[in-house]
Amino acid sequence: MTMQCGDIGRDGYGIYISPSKKYRPRFVFLPDEGMAWFLDLVKGRKRHELVFVRDSGKPWYGNQKHLFKAAVREAGIPDEFTFHGLRHTYASQLIQAGATVYAVAEQLGHANPTTVLRTYGHLSPQIRESEVRQRFTTVSEANAMVAKEQREALRKWRSSLHGGDWREYATIHDVRDPEQPPD
Numbered sequence: 022m023t024m025q026c027g028d029i030g031r032d033g034y035g036i037y038i039s040p041s042k043k044y045r046p047r048f049v050f051l052p053d054e055g056m057a058w059f060l061d062l063v064k065g066r067k068r069h070e071l072v073f074v075r076d077s078g079k080p081w082y083g084n085q086k087h088l089f090k091a092a093v094r095e096a097g098i099p100d101e102f103t104f105h106g107l108r109h110t111y112a113s114q115l116i117q118a119g120a121t122v123y124a125v126a127e128q129l130g131h132a133n134p135t136t137v138l139r140t141y142g143h144l145s146p147q148i149r150e151s152e153v154r155q156r157f158t159t160v161s162e163a164n165a166m167v168a169k170e171q172r173e174a175l176r177k178w179r180s181s182l183h184g185g186d187w188r189e190y191a192t193i194h195d196v197r198d199p200e201q202p203p204d
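If you're matching positions, the sequence shown starts at 22 in the numbering used here and goes up one per residue.
No lab work stands behind these hints: they were computed from the structure.
Be a bit skeptical, because a hint or two may be false.
As the list claims (entries may be wrong) - Heads up, simulated BS3-like pairs for lysine-lysine below, C-alpha to C-alpha not over 27 Å straight-line:
| # | residue 1 | residue 2 |
| --- | --- | --- |
| 1 | K79 | K67 |
| 2 | K43 | K79 |
| 3 | K90 | K79 |
| 4 | K42 | K79 |
| 5 | K90 | K42 |
| 6 | K79 | K64 |
| 7 | K86 | K42 |
| 8 | K43 | K90 |
| 9 | K86 | K43 |
| 10 | K64 | K86 |
Just need the whole structure built from these sequences, with the hints factored in.
Encoded structure:
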C-alpha cells in the first residue's frame with residue numbers, strides 16, 4: 022500500500038489511487054464517513070508520508086491479512102470472507118443504491134462498465150423494480166388512491182415474490198412446453 026498522505030483529498034472529495042500493475046491511476050470519491058476517517062488518519066502528518074504504516078513506522082505490506090481475519094471473526098462474518106470481498110460489497114451496495122454502472126466502473130478502476138454489468142448485473146431486477154415504482158408518473162388518481170390504501174398488502178405480496186434467494190428474483194423462466202415450437 023503506497024498511498025501517501027497527500028493522496029487524501031488531492032483531487033477532490035476522496036482519494037487518489039496511484040497506478041499499479043492491474044489498475045490505471047484513478048480518483049475514488051468517498052462518502053462523508055470515509056473522508057472523515059482518512060482525514061483523521063493523516064491529521065498532522067506530512068504529504069509524502071505513507072498513509073498505512075506499522076507501529077514501527079515501516080510500510081504496511083501484508084500486515085492487513087491477519088488483522089482483517091481477526092476483524093471478520095469478531096464481526097461474526099463467515100471466515101471465508103476475504104479482503105477483496107470488501108470491493109464486491111462496496112460495488113454491490115453502490116449498484117443497489119442506484120449508482121450507474123458507469124460510476125461504479127470508474128470507482129473500481131475498470132476500463133468500461135461491461136465488467137460491472139457482468140459481475141453485478143444480477144442485482145438489476147431489484148433496481149429496475151425500485152426505479153419503476155419510485156419514478157413512474159401517476160396516470161390515474163383513482164388507481165393511485167387504491168394503491169395507497171393497499172400499500173401494506175402490496176408490500177407483503179412484493180416481499181413474498183422475492184423468496185429466499187434474491188438471485189432468482191425476476192428471473193425469466195421459459196414456461197413453454199419444450200415439445201411445442203415457438204409461435
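Structure-based check of each hint:
no., hint, verdict
1, K79 x K67, "holds (15 Å)"
2, K43 x K79, "holds (24 Å)"
3, K90 x K79, "holds (21 Å)"
4, K42 x K79, "holds (23 Å)"
5, K90 x K42, "holds (25 Å)"
6, K79 x K64, "holds (18 Å)"
7, K86 x K42, "holds (20 Å)"
8, K43 x K90, "holds (24 Å)"
9, K86 x K43, "holds (20 Å)"
10, K64 x K86, "holds (25 Å)"
Checked against the numbered hints given earlier, the structure satisfies every one of them.
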